[in-house]
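Peer 1: Sequence:
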Amino acid sequence: MDALLEHDLSHRGLTGRELDDDPPPALLETIAARSGVPMDRLRPMSLAGWAPWLLDNPDPKRCSFPTYVHQLSVLLPTDRRDPGVRAPTSARWRPWVSTNHITRACPDCVTPSGPWAIPLIGQLPLTLGCPIHHRRLESCAALPHLLVRWETDEPDTRATTGPEAALDTLTAQALDVGAVALCRRAVHAGVWFRMLRTLLDELCTPFRAAGPSSDDLRRIWTIVGRRPQRVLTTTFEELDWAAQADLLAAAAVAIDLLGAGTITARGTHGHLLCPCPPTTVFGGRLTLRHPSPPHSVHPASDDDTATLWAHVHSSMEAAITAARQDPATAQALFTLARNGCRTQAAELRLRTAFAQHGIALPVSDTTTAQPKTTRSPG
1 MDALLEHDLS HRGLTGRELD DDPPPALLET IAARSGVPMD RLRPMSLAGW APWLLDNPDP
61 KRCSFPTYVH QLSVLLPTDR RDPGVRAPTS ARWRPWVSTN HITRACPDCV TPSGPWAIPL
121 IGQLPLTLGC PIHHRRLESC AALPHLLVRW ETDEPDTRAT TGPEAALDTL TAQALDVGAV
181 ALCRRAVHAG VWFRMLRTLL DELCTPFRAA GPSSDDLRRI WTIVGRRPQR VLTTTFEELD
241 WAAQADLLAA AAVAIDLLGA GTITARGTHG HLLCPCPPTT VFGGRLTLRH PSPPHSVHPA
301 SDDDTATLWA HVHSSMEAAI TAARQDPATA QALFTLARNG CRTQAAELRL RTAFAQHGIA
361 LPVSDTTTAQ PKTTRSPG
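Here the sequence shown is numbered in full-length UniProt numbering, starting from 1 and rising by one per residue.
Check before you lean on any hint, since a few could be wrong.
[To be verified] The list that follows gives simulated cross-link-like pairs (lysine to any residue, SDA-like), each with its CA atoms no further than 20 Å apart:
#, residue 1, residue 2
1, 61, 49
2, 61, 5
3, 61, 32
4, 61, 89
5, 61, 71
6, 61, 35
7, 61, 30
8, 61, 238
9, 61, 110
10, 61, 88
11, 61, 12
12, 61, 98
13, 61, 99
14, 61, 78
15, 61, 77
16, 61, 21
17, 61, 23
[Stated by the list, open to error] Per label pair, the in silico range of CB-to-CB distance:
#, residue 1, residue 2, range
18, 226, 14, 39 to 45 Å
19, 35, 152, 41 to 47 Å
20, 150, 313, 38 to 44 Å
21, 206, 321, 28 to 34 Å
22, 308, 4, 24 to 30 Å
23, 233, 101, 35 to 41 Å
24, 57, 30, 32 to 38 Å
25, 222, 4, 50 to 56 Å
26, 18, 89, 47 to 53 Å
27, 181, 233, 49 to 55 Å
28, 285, 215, 45 to 51 Å
29, 206, 39, 43 to 49 Å
30, 111, 87, 54 to 60 Å
31, 57, 34, 25 to 31 Å
These aren't lab readings, by the way, just hints derived from the structure by calculation.
Please read these numbers as outputs of a predicted model, since none were measured by experiment.
Don't be surprised by glycine CBs; every beta carbon is placed ideally from N, CA and C.
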């Protein structure tokens, strides 16, 4: 790798971690020119390509712990926070980036017969398991496409639980589509990652400080098992993987209980994870309308139709190209296309189409503040 960077790509001294974090734009342009892989596919292969969705900025100096972790609230109201207890001990804190670098992989995905790689969720503590095979990710040392060495002789074949698999699916949806379909509505991926990180911090609150939510916290940790003592005073990114896994399992249980309506969301964003309340809609009255007389329409010739469709295609290509480069244009194009969406599923399909075309939508989702106590039916 060092020889390739120095003698072939003219970028001497770059470490593997620097390549994963924020590779120089000139290096990406060279790789794109030689490989034929477009820049919009190369950028998401590094952390810098996921800013500002997953993290505010790849530079730790531009990442704010209070803003990322304490701006939203899910389980607990803001007055039940203990923000000074779990603060980063290092000035290089970044959300989701562990101080103890880990590599995890799914034994079913790593097959000797075909190409494989370590995805982003295998290098960051974002999920417990593989969103495809629903089994726990295992720690390993790997050379992508060539060799993998598991830390244990026999990789653990434990499957993820139902709540854990559901949480992994939501996170994978955020990475793949750029949006997550929650119980109330779809939210931007940037909102989802901040909600999840906030929930992880709230689960570390001492029971005596949680007030009315203390019983809910005890119930969550009773289902998961014993709460690690270190989580009370240490940020998620500075924990070892075993403690991080316990916290992710607790978050999965909390989201499952919120969706079932068996615990109360007292944060301003917790209602998004609760089922929609029952509503009564007026059935309306049937009104008979007489059909309008048909209008005479002169059919266009085949040549005119072909010319019009060619103009439509060229206009769409120009709009897509502009949207890839300008966030304001991307938002305007999405707003125009969303006029035809009548359901949340239709909007999610539209976001998927934008992601497939390499159009990154800006983090514009805002949630109106709800009452401090939101109890879902059940």
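Peer 1: Return the numbers of the hints above that this structure violates; sort them in rising order.
Peer 2: As far as the earlier hints go, 2, 3, 6, 7, 9, 11, 14, 15, 19, 20, 21, 22, 23, 24, 26, 27 and 30 are violated by this structure, in ascending order.
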